Amino acid sequence: LIITALAAVLLLLAGCVVLLFAMFGELAQRVAMAGETAPAAVVRPLEEARIGASPTSWPEPIASLLEERDGSVLLPVLSTACGSCEKVARQLATEDESDSVRATAIIISCGDRSTGEEFVRRHGLGHLRTYVDEGGTWVNSSFGVEISPTALVIREKKLQTALVFTDVPALRTATSDPREVLV
Amino acid sequence: VTSHSLWIVVAANASASALLLVAALSKMVAPGQLVVALGELIQPLDLITAKLIRLVAVIEFAASVTLLFAPIRMLGAALAAVLGLAFALAGLTGIARGTQSPCGCLGISGGRTLGPTNILAGVLLIGLFALNRSELVPPSSSGEYSRAAILAVAGLSLALCLGIHRQLVRVSWHAKLPSIGRATS
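Those protein sequence lines, which keep their order, are chains A and B.
Residue numbers are given in the working numbering: position 139 of the first sequence equals residue 139, and the series is strictly consecutive.
Residue numbers are given in the working numbering: position 179 of the second sequence equals residue 179, and the series is strictly consecutive.
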């Protein structure tokens, strides 16, 4: 009888965990939806970014893009754990072909490679240049960026500014003229 | 009746019970996606409500619990068979009408629409009724059956839940960018 009672307690606890995960799942989905409906398009400089930083090594495909674009590119950093990144990823995937789009490579910060690749697949980013940054290690160690979505504006292979943003068209407007980029 | 056949019934009933438990609790918390998915298939649209989905969740929960106790497991198997029939019909209708809305089955957000997986789950649950009718559990093994089934369901439901929400677990475990909320604040 005692074993049955203990087993029942164990089952009750398992049920509570299942219920908790169901609630977390629902919450994560609602957070993502709230991100989609956020009305204001924010573009502001990220103060803690290391302005002027230039990493000793650039990962592919960013390195080849830098060569092609004379050291000036835009690197949006998205995280697989971020609600508003879902909306940003969809906007990036559906952008019309243009010069500024060709000068863009997307950095996916994620727990592990498979999660990042799944994010790329799910949002149809496969046709764009993407770099999966496991643990956000490269972005963090190179530029001190820990927040996403953030866009790294690279000029002459140096970080000119890092912009926190929630809307791709607003980001494109803010970075269209190199002389007027927010720093 | 051999002890092997008893363990086969325990394994089958515990697996079905764990599946029904996770499905029931997920539907209780978030019936929204299934309301949309079924609303796309069944007319009139307002027939499918969150209340109706939660009622189905209560039946699933009852089936899950009654499958765990040998004297009343036939009731659980019968409820599971009825639910299985409904799942299979929903899957067939989903294929026939070419549904596009994810069903949110087992609490999986996005993902699969109503289709082959639901049919397979339905057929297996109907098969469970036939297995339980075959008297493979002697009355003297009732206690042993219940203990094993309850422990198995605790483990299986946890494993199933972690499997379904692995993305959430992985992200929470590895996340280094504290981005939720901060980027938009």
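These aren't lab readings, by the way, just hints derived from the structure by calculation.
Every value quoted in this text rests on a predicted model; they were computed, and no experiment measured them.
Hints are supplied without guarantee of correctness; some may be wrong.
[Stated by the list, open to error] Residues of chain A placed beyond 10 Å of chain B at every Cβ, according to the derived structure:
id, residue
1, I3
2, A8
3, L11
4, G15
5, V17
6, G25
7, Q29
8, T80
9, D112
10, T115
11, K158
[Claimed, not checked] Partial list, derived from the structure: chain A residues whose beta carbon lies under 7 Å from chain B:
id, residue
12, L10
13, A14
14, C16
15, V18
16, L19
17, M23
18, F24
19, G71
[As the list claims (entries may be wrong)] Coverage of chain B stretches by chain A, computed from C-beta distances (three or more under 8 Å per stretch; other residues unrestricted):
id, segment
20, 24 to 37
21, 145 to 153
22, 165 to 171
From the three backbone atoms N, C-alpha and C, an ideal C-beta is built for every residue, glycine too.
Return the status of the interface hint for L19/A: holds when the least beta-carbon distance to chain B is below 7 Å, violated otherwise. At 5 Å from the nearest chain B Cβ, L19/A passes the 7 Å test, so the hint holds.
Compute the least Cβ-Cβ separation between A8/A and chain B, then decide whether it is above 10 Å. violated, 6 Å
Separation of T115/A from chain B, once the least beta-carbon distance is taken, above 10 Å: Incorrect as stated: the minimum Cβ-Cβ distance to chain B is 6 Å, not above 10 Å.
Closest CB-CB distance from V17/A to chain B, is it above 10 Å? violated, 6 Å
Is the Cβ of G15/A farther than 10 Å from every Cβ of chain B? Incorrect as stated: the minimum Cβ-Cβ distance to chain B is 7 Å, not above 10 Å.
Mind checking the CB of V18/A against every CB in chain B and telling me if the closest is under 7 Å? Holds, about 5 Å.
Per the stated criterion, does the least C-beta distance between G25/A and chain B lie above 10 Å, as a non-interface residue requires? violated, 5 Å
Using 7 Å as the Cβ threshold, decide whether M23/A counts as touching chain B. Because about 5 Å separates M23/A from the closest Cβ in chain B, which is inside the 7 Å limit, the hint holds.
Would the hint on A14/A be counted as holding, given a Cβ-Cβ threshold of 7 Å to chain B? holds, 4 Å
Satisfaction of the C16/A interface hint, Cβ to chain B closer than 7 Å: Since chain B brings no Cβ nearer than about 9 Å to C16/A, farther than 7 Å, the hint is violated.
Let me know if the C-beta of F24/A comes in closer than 7 Å to any C-beta of chain B, holds or violated. Hint holds; F24/A Cβ to chain B Cβ min 6 Å, cut 7 Å.
Checking the smallest CB distance to chain B, is D112/A really beyond 10 Å? violated, 6 Å
Checked against the numbered hints given earlier, this structure breaks hints 1, 2, 3, 4, 5, 6, 7, 8, 9, 10, 14 and 19; the rest are met.
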